[in-house]
Amino acid sequence: MSVIPHLRRLEAESIHIMREVAAEFANPVMLYSIGKDSSVMLHLAQKAFYPSKPPFPLLHVDTTWKFREMIAFRDATAQRLGLKLLVYINEEGLARGINPIDSGSLLHTQVMKTEALKQALDKYGFDAAFGGARRDEEKSRAKERVFSFRSAAHAWDPKNQRPELWRVYNTRIAKGESIRVFPLSNWTELDVWQYILAENIPVVPLYFAEKRPVVERDGTLILVDDERLKLRPGEAVEERMVRFRTLGCYPLTGAIESSAATVEEIVAEMFTARTSERQGRLIDSDERASMEKKKREGYF
Amino acid sequence: METALKSYLAAQEKKSLLRFLTCGSVDDGKSTLIGRLLYDSKLLFEDHLAALERDSRKFGTAGDDIDFALLVDGLEAEREQGITIDVAYRFFATDKRKFIVADTPGHEQYTRNMATGASNSELAVLLVDARKGVLTQTRRHAAIVSLLGIRHVILAVNKIDLVGYSQSVFENIADEFDDFAAHLGFLSRVAVPVSARFGDNVIAKSPNTPWYGGAPLLAVLETVDVDSALADKPFRLPVQWVNRPDLDFRGFSGTIVSGRVKVGDAVAVVPSGRSSRVTRIVTMDGDLAEAQAGEAVTLLLADEVDISRGDVLCAAGARAEVSDQFAAQLIWMAEEGLLPGRQYLLKLASATAPAQITALKHKLDVNTLDRLAAKTLRLNEIGNVNLSLARPLAFDPYTENRDMGGFVLIDRFTNATVGAGMIEFGLRRATNVHWQALDVNKAARSALKHQKPAVLWFTGLSGSGKSTLANIVERTLLADGRHTYLLDGDNVRHGLNRDLGFTDADRVENIRRVAETAKLFVDAGLIVLVSFISPFRSERRMARELMGEGEFVEIFVDTPLEVCIARDPKGLYQKARTGAIKNFTGIDSPYEPPEHAEIVLETVGFDPATEAAKIVAYLAQHGFIA
Chain A
1 MSVIPHLRRL EAESIHIMRE VAAEFANPVM LYSIGKDSSV MLHLAQKAFY PSKPPFPLLH
61 VDTTWKFREM IAFRDATAQR LGLKLLVYIN EEGLARGINP IDSGSLLHTQ VMKTEALKQA
121 LDKYGFDAAF GGARRDEEKS RAKERVFSFR SAAHAWDPKN QRPELWRVYN TRIAKGESIR
181 VFPLSNWTEL DVWQYILAEN IPVVPLYFAE KRPVVERDGT LILVDDERLK LRPGEAVEER
241 MVRFRTLGCY PLTGAIESSA ATVEEIVAEM FTARTSERQG RLIDSDERAS MEKKKREGYF
Chain B
1 METALKSYLA AQEKKSLLRF LTCGSVDDGK STLIGRLLYD SKLLFEDHLA ALERDSRKFG
61 TAGDDIDFAL LVDGLEAERE QGITIDVAYR FFATDKRKFI VADTPGHEQY TRNMATGASN
121 SELAVLLVDA RKGVLTQTRR HAAIVSLLGI RHVILAVNKI DLVGYSQSVF ENIADEFDDF
181 AAHLGFLSRV AVPVSARFGD NVIAKSPNTP WYGGAPLLAV LETVDVDSAL ADKPFRLPVQ
241 WVNRPDLDFR GFSGTIVSGR VKVGDAVAVV PSGRSSRVTR IVTMDGDLAE AQAGEAVTLL
301 LADEVDISRG DVLCAAGARA EVSDQFAAQL IWMAEEGLLP GRQYLLKLAS ATAPAQITAL
361 KHKLDVNTLD RLAAKTLRLN EIGNVNLSLA RPLAFDPYTE NRDMGGFVLI DRFTNATVGA
421 GMIEFGLRRA TNVHWQALDV NKAARSALKH QKPAVLWFTG LSGSGKSTLA NIVERTLLAD
481 GRHTYLLDGD NVRHGLNRDL GFTDADRVEN IRRVAETAKL FVDAGLIVLV SFISPFRSER
541 RMARELMGEG EFVEIFVDTP LEVCIARDPK GLYQKARTGA IKNFTGIDSP YEPPEHAEIV
601 LETVGFDPAT EAAKIVAYLA QHGFIA
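Residue numbers (the numbering used here), protein chains in the order written: chain A, 1 to 300; chain B, 1 to 626.
Pulled out of the complex, with its shape left as it was, chain A reads as follows (with noise of 0.2 Å):
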């Protein structure tokens, strides 16, 4: 199957917006989060350069608590295109046992996301980070630029953005100070399956329909990943035939009944979805604009 003119524009975009960081900036990186939206920028990355690899490292931050197949699949992806690898955990949070079951979702997502993030980020001294973020997913991020400046502290102003015209963006920074980097902000949920379809791009298998043990809990199928997620009294485990539209920390993620077993027929779901992606994350409705208070502090 041929692509779509649409999407070649949104290609095209996304692939002049790479060149312009791997020609401006010293030391970027890739935020790889293994969802479908990483699959696509990494997708994106290897046209943006080809013949050449993508002249930038892979970043992962792990909280622990990833589904066990994105993690198999991270490491297969990595090794199968050759590209570098690094995988952050913030260690302290580790030893002070945050996890999200019983420290909330809100401060594990803090010390294991935010923090854990800006560790890596000075750790490396990157001053370029790529990120999977789409203007669709979110009303803070629907204001966000493709280039978004972040102070030496990792602190985003959203009152105090620079303009960005045209094709031409601002990459002056100083020393300490850092840009992310958001190529795929004028694609929609949509336009990423499209893609995939067109492209056949590989992704988790956990987006696909499965028979797959699952505990209902607070209104959410909760995947039984690992014996590390205790059941309530009252909660049984049942065998569902689920799938994701998301991907995070799988006591966080909730899975969606659906019978979608192949990128067809996902897209094909999505003509009757009736709900966004993100309300399967338990961690934006947290608060109310709790995504743009997570992106002040440095979240991605």
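Incorrect hints may have been included.
For lysine-lysine, the following DSBU-like pairs were computed, each having C-alpha atoms within a straight-line distance of at most 30 Å [stated by the list, open to error]:
1) 233/B x 47/A
2) 53/A x 262/B
3) 98/B x 47/A
In short, the hints are calculated from the structure, not lab data.
With chain A's structure known, arrange chain B on it following the hints.
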């Protein structure tokens, strides 16, 4: 489902994409209109809708109804204040088209964010409140979208329900706008009476406006022809990145911004003017025989040509222009006003070069489109300027090609994007006034004097001891048989710079003239001593960049302000403190100390002769005097 999916994907392939923005004054209902479009075209997910209903009760301004503006005003500050601060991007599709909407703020103070949204749009939906009619901000936004090259505008006369669906109100507003917009070069202008809150004439024609014979807003958006035929213009590819995986492959990666290119085509490298032929068009999906505007590719050429980032590959028969001087329209985007003469960084396509504004010809009164005389541009003002670049760049006029004619200006110290410009034309003056090649040059002149020319640039507060030190250094050099000249701030202001005052703009021009004069003396082979407060880093950097490598020696006379005030040799601090002198450095005008001066001298508790000797020693060590 299988066939339904196939036909769906087939339909997707035929869809075109329209990028548009909504703009207009505060409270005209821009965000509400977008919310309405998303809601009525059933593009709201249930969880978004639930959050919207929750937020409407908490923050809403629409009584018991859903407040659609809360869908797009995503920042906490926006929801609390009920205004739009920054541009938000929204996505929706109908059976005919895909849309990317930039919802831009109406407040004048956020005009730069509005320009951000407009720069990538093909059409503007300009909202007017039917009760208020055409306002200053309506005119401002119409002028800016026109300036940014948008050729299609829809005037949405909103809140038509609040004027009783009155035909005459609608027609008066449409006529008033027509009179103003007739001069703005739009190819299509359509006026639609709408109520974003109730949905009149948004998706479907409203029974409340039987007198309106036109199409509803969405139908106009679906059908307007915005094709700018970029692929039919001359081939341009600004080189972003040189692709060198191994010694045998040297590709030039970039996005084709106009025209098309085939294997075998002759191309020229601009500005260098060298030419070659395309041998391959490389992509990961296989080589292409041909590529066109909008595609991101990698080209291989037949010859070993020196090409780097910032160069533009052009059709050999239709090259981009080259100049180091332009006339341009400029939108100023920083709190600190424009300073003619100050050096900024200019970024155009993939090239970056130091640039300064050499003339501010006039600024635009957006309300009347009149041209007004101006000395500076303040935040959100639009002016017509001449720019001078440190090196020539390839360009096309903005009206021909947005990518080849649209640039931003960046402040060299804050790194902020301070302006956005649109090139009108290159100035022939630069192209035709070539350097006169002279037989006797700087090297010959300085050899005769047995010295290497240099600029000793003394900077520091008034009363810090610059002139004292410079005088001793010059006397020492003269006694040693060296050829020197001393430019002193106070003295120069009696002659060359007699017409300049002490505003920031005049200080910048003051330094520019002195630096150019020093440059001529250096060319004459002299060791030039410049004793100027020169409080701004950017001007000292500009002076440094005028000189040859190693010729500029910055000497920071680091005397604390309290000491200078106590010394006050000319009684100036006393006058500044009583207000008799304005803009006095250290009192009510800043001094930015150097970060990388070649020589730093302290004068408190040191003998001036000893300090001056350090400078002479530096000159000997670095081979200026043998």
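Honestly, which of those hints from before does the structure not fit?
-> none
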